[in-house]
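Residue numbers (the working numbering), protein chains in the order written: chain W, 5 to 115; chain S, 330 to 443.
Since the hints were made in silico from the structure, they are not lab data.
All values derive from a computational prediction rather than experimental measurement.
Reference listing, derived: stretches of chain W covered by chain S, where coverage requires no fewer than 3 residues with Cβ under 8 Å from a Cβ of chain S:
no.: 1; region: 26-38
no.: 2; region: 49-56
no.: 3; region: 104-115
Ideal Cβ placement from N, Cα and C applies to all residues, glycine included.
Residue-level listing of the chains:
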Amino acid sequence: SQQGEEDPQALSIQEGENATMNCSYKTSINNLQWYRQNSGRGLVHLILIRSNEREKHSGRLRVTLDTSKKSSSLLITASRAADTASYFCATALSGYSTLTFGKGTMLLVSP
Amino acid sequence: DVKVTQSSRYLVKRTGEKVFLECVQDMDHENMFWYRQDPGLGLRLIYFSYDVKMKEKGDIPEGYSVSREKKERFSLILESASTNQTSMYLCASSLPAGDEQPQHFGDGTRLSIL
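Using the sequences provided together with the hints, build the complete structure.
Next comes the structure, spelled out in structure tokens:
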């Protein structure tokens, strides 16, 4: 069953602009994670936010979590061409090691 | 850094063949996972393993089996390959859930079944 769903499916911006991606999920979670996938490569973990956290920062990344709305957002500030990739949210249930991934947002950052 | 290595980046096989996809991790992780990734469908979990010789079905196990004889190695087996198994296959590993550790992925094997 699909847990996370990203929005939008695709996003095209210019270098220097901010990029915001959203993720919605259906059931209570233990944590939510964001991953990046460059074309033809594996996924790389970006950031993990626990269910009792509301906001987390890592470099140019800012993640928020609203458990009442069952949603999360990933903000990439001052985007660079190298940020061009697909971004996935993944949810973890309490006590389980498995993740359920969304279908991803494809981000294109043009120079 | 954790390294997850998948034996082949590209693989072409014929319908009916038995296909082995190999994955090795070097960080002594207990958990290992196999996913397939298809356009418009995202990542779907095929099988996972919490320990040596242990395996659990994921969301789409039909047509697949797995083997974990050593902690560092997790193999995905297509018993009789079919064209609908043409896909990108991704292996991942992680520490146990209690540590809330992320999954670490290999670069994937793009498998074509002709």
